[in-house]
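Peer 1: Each chain is listed here by its residues.
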Amino acid sequence: MSQDKSFISKDQVLHVAKLAKLSLTEEEVAKFTDQLSDILGYANELTGLDLSNIAPAAHPIDLENVFRQDIVAESIDNLKVLENAPEALNNQFKVPPILND
Amino acid sequence: MTNQFESAFDIAQKIKESSITAKEVLFGYLENIRSKNGDLNAFITQNDDIAISQADAIDQKIKSGKEVGILAGVPIAIKDNICTNNFETTCSSNILKGWNPPYDATVIKNLTAEDAIILGKTNLDEFAMGSSTEHSAFGPTKNPIDTTRVPGGSSGGSACAVKAEMASVALGSDTGGSIRQPAAFCGIVGMKPTYGLVSRYGLIAFASSLDQIGPFGKSVRDCALVLNAISGHDPRDSTSLNIDKDDFVSHVDRDIKGLKIGLISEFNEFLDDRLKASLTDAADLLRENGAEILEISLPYVKYSLSTYYLIAPAEASSNLARFDGVRYGLRVDGDNVDEMMINTRTKGFGQEVKRRIMLGTYALSSGYYDAYYGTAQKLRTALISDFKNAYRNVDVIICPTTPTGAFKFGSKLDDPLQMYMSDIFTIPSNLAGHPAISIPFGLDNDSMPLGIQILADGLCDSKVIRVASALETLRDQVSPKN
Chain A
1 MSQDKSFISK DQVLHVAKLA KLSLTEEEVA KFTDQLSDIL GYANELTGLD
51 LSNIAPAAHP IDLENVFRQD IVAESIDNLK VLENAPEALN NQFKVPPILN
101 D
Chain B
1 MTNQFESAFD IAQKIKESSI TAKEVLFGYL ENIRSKNGDL NAFITQNDDI
51 AISQADAIDQ KIKSGKEVGI LAGVPIAIKD NICTNNFETT CSSNILKGWN
101 PPYDATVIKN LTAEDAIILG KTNLDEFAMG SSTEHSAFGP TKNPIDTTRV
151 PGGSSGGSAC AVKAEMASVA LGSDTGGSIR QPAAFCGIVG MKPTYGLVSR
201 YGLIAFASSL DQIGPFGKSV RDCALVLNAI SGHDPRDSTS LNIDKDDFVS
251 HVDRDIKGLK IGLISEFNEF LDDRLKASLT DAADLLRENG AEILEISLPY
301 VKYSLSTYYL IAPAEASSNL ARFDGVRYGL RVDGDNVDEM MINTRTKGFG
351 QEVKRRIMLG TYALSSGYYD AYYGTAQKLR TALISDFKNA YRNVDVIICP
401 TTPTGAFKFG SKLDDPLQMY MSDIFTIPSN LAGHPAISIP FGLDNDSMPL
451 GIQILADGLC DSKVIRVASA LETLRDQVSP KN
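Residue numbers (my numbering), protein chains in the order written: chain A, 1 to 101; chain B, 1 to 482.
Hints should not be assumed to be uniformly reliable.
Once the Cα atoms are required to be at most 27 Å apart in a straight line, the calculated DSSO-like pairs of lysine-lysine come out as [claimed, not checked]:
#	chain 1	residue 1	chain 2	residue 2
1	B	Lys61	B	Lys109
2	A	Lys21	B	Lys347
3	A	Lys5	A	Lys31
4	B	Lys245	B	Lys276
5	B	Lys257	A	Lys80
6	A	Lys5	B	Lys257
7	A	Lys10	B	Lys347
8	A	Lys18	B	Lys97
9	B	Lys257	A	Lys31
10	B	Lys347	B	Lys378
11	B	Lys347	A	Lys80
DEER-style ranges, computed between Cβ atoms [said to hold, decoys possible]:
#	chain 1	residue 1	chain 2	residue 2	range
12	B	Lys260	A	Glu27	31 to 41 Å
13	B	Ala113	A	Ile76	31 to 41 Å
14	A	Ala30	B	Glu339	41 to 51 Å
15	B	Lys347	A	Pro97	18 to 28 Å
16	B	Asp272	A	Ser23	10 to 20 Å
Short, incomplete list of chain A residues facing chain B, as computed with Cβ under 10 Å [to be verified]:
#	residue
17	Lys10
18	Ala30
19	Pro56
20	Val72
21	Leu89
22	Pro96
For the record, the hints were derived by calculation from the structure and aren't laboratory data. By construction, the Cβ of each residue, glycine as well, lies at the ideal position given by its N, Cα and C atoms.
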């Protein structure tokens, strides 16, 4: 299913991986460049359609703000949540340094 | 032993009447799991002790004359992207292995309130992204009809469990066909309800505007029964619809006289001889029994696949940003928080998930947003309005569930676009938020089952059930072994 024209470049794949916080091997970069290009090439059928009078839909149903009474209800216990944390300290999630010195 | 694995409907009835105990029923299914699951790999996490204590509690309730629920003693399998309190939930991903949710999804609460017995968690394509259950960190699930073939996906484990009588019924989730396609591949019934009819609270999100939980069963009646248990308003899901509850079982075994049924002319070019024959047979049966068959046109439906494969990955890339090694699941160390997140996500996610995150991130990125995601959103509007026009003239639409029957392992793994094509007939209902059901109908050239779908307008789930039930009955009258 390879296309004559590439719809995404290796550099773009590397840029997108950085945005998505993924590190790709050279092999993966090559593979994803081909595969994403195939998929985007297929989706290219959408370009050129006249959609100027159509509003975008983000959702299948009309969403409205949902309000509730501001009443304290039962919530999940902190300690129970922290049981699943890779690392916790003083009832909080612990992460590596945000800034290197 | 012959009647042990009858319908969920009959199981609940017999348990209520004390003609069989919940424990006896459960042991039959546990025996099947013991003998078959090693080969089929439908269940990835299972706990007999919990299930047995649930069965004991139901038998005790009945003994002491207490009321029991509509699913009394019915053993059910749960797709492993639905949270179960204190019971490992992984989405078949290395990034979540070992995670024990601190709460139950609303559907789990609803099922246990109706006295269903939770057997365990079933395999899926990682984070529900896939059409074959080959993209699982726990290895693939096999199709019980032919173990050299895939069971479909992403809810392949749930479909396999029901077909192989390792569960009476099951829950799956359907974002682009992930219930209906495996149901078709495994020769059972699977339904995607209207978006918002079933709470998504506790369903680990893939594409939030498309995801919907729904039932698998051996019959339309069993799916309707499970839908009765899991549907209803949930304040914990802001997209949950606050509407009167219907009794979906009451729409089973009704006539279809005077109903108008549409065939989508734009799908014709995707139908090979086998699919054409099974669709024609279905239409003929419905016509002979009083329905009117009409050809209809949905001009934008042919763009559904492109639209979906921009919208779903875009939403996925955003939803899966939460897996960063901070609060739950895998953490791979790094010198700073950024490195830790990159290392964790790189090790934790499989190839298909990475591919979709990349695609979605690209479709949403600066400079490409309008061309890809923006365009796809407009096509979604165009498709919804196509359906709206069609449903002015017809009550339901019928079409095939999949372009082929179950394919062989590995045959589409290296060509994601070919894999995505499996979803061509199922995706439109997700984009529109409409209900759709797949029932077994006909066989492909390799004697693997094919499915027919019945689609309807939003909130017309009862019509979908009514027509599916009628077609199921008519099919069995023609060929009792289908």
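Peer 1: Quickly compare the C-alpha distance for Lys257/B and Lys31/A to 27 Å and report which way the hint goes.
Peer 2: violated, 54 Å
Peer 1: Holds or violated: Lys5/A with Lys257/B, Cα cutoff 27 Å?
Peer 2: Distance of about 53 Å is beyond 27 Å: violated.
Peer 1: I want to verify a distance hint. Is the separation of the beta carbons of Lys260/B and Glu27/A within 31 to 41 Å?
Peer 2: Violated, since Lys260/B and Glu27/A (Cβ atoms, about 54 Å apart) do not stay within the stated range.
Peer 1: Take a quick look at whether Lys245/B and Lys276/B sit within 27 Å of each other, Cα to Cα.
Peer 2: violated, 37 Å
Peer 1: Starting from Lys257/B, check that the Cα of Lys80/A is at most 27 Å away, please.
Peer 2: Violated, at about 56 Å.
Peer 1: Keeping to a limit of 27 Å between CA atoms, is the pair of Lys347/B and Lys378/B held or broken?
Peer 2: Since the Cα atoms of Lys347/B and Lys378/B sit roughly 36 Å apart, the hinted pair is violated (cutoff 27 Å).
Peer 1: Is the shortest C-beta separation between Pro56/A and chain B less than 10 Å?
Peer 2: holds, 3 Å
Peer 1: Between Lys5/A and Lys31/A, does the CA-CA distance stay at or below 27 Å?
Peer 2: Satisfied, since the Cα-Cα distance of roughly 16 Å is no more than 27 Å.
Peer 1: So, as I understand it, the hint says Val72/A touches chain B; can you test that by seeing if any CB pair is closer than 10 Å?
Peer 2: Since the shortest Cβ distance to chain B is 15 Å, the answer is violated.
Peer 1: Just to be careful, I want the Cα atoms of Lys10/A and Lys347/B compared with a cutoff of 27 Å; is the pair within it?
Peer 2: holds, 21 Å
Peer 1: Go through the hint on Ala30/A and say holds or violated, using the shortest Cβ distance to chain B against 10 Å.
Peer 2: violated, 13 Å
Peer 1: Does the Cβ pair Lys347/B, Pro97/A satisfy 18 to 28 Å?
Peer 2: holds, 20 Å
When held up to the earlier numbered hints, the structure conflicts with 4, 5, 6, 9, 10, 12, 13, 14, 16, 17, 18, 20, 21 and fits the remainder.
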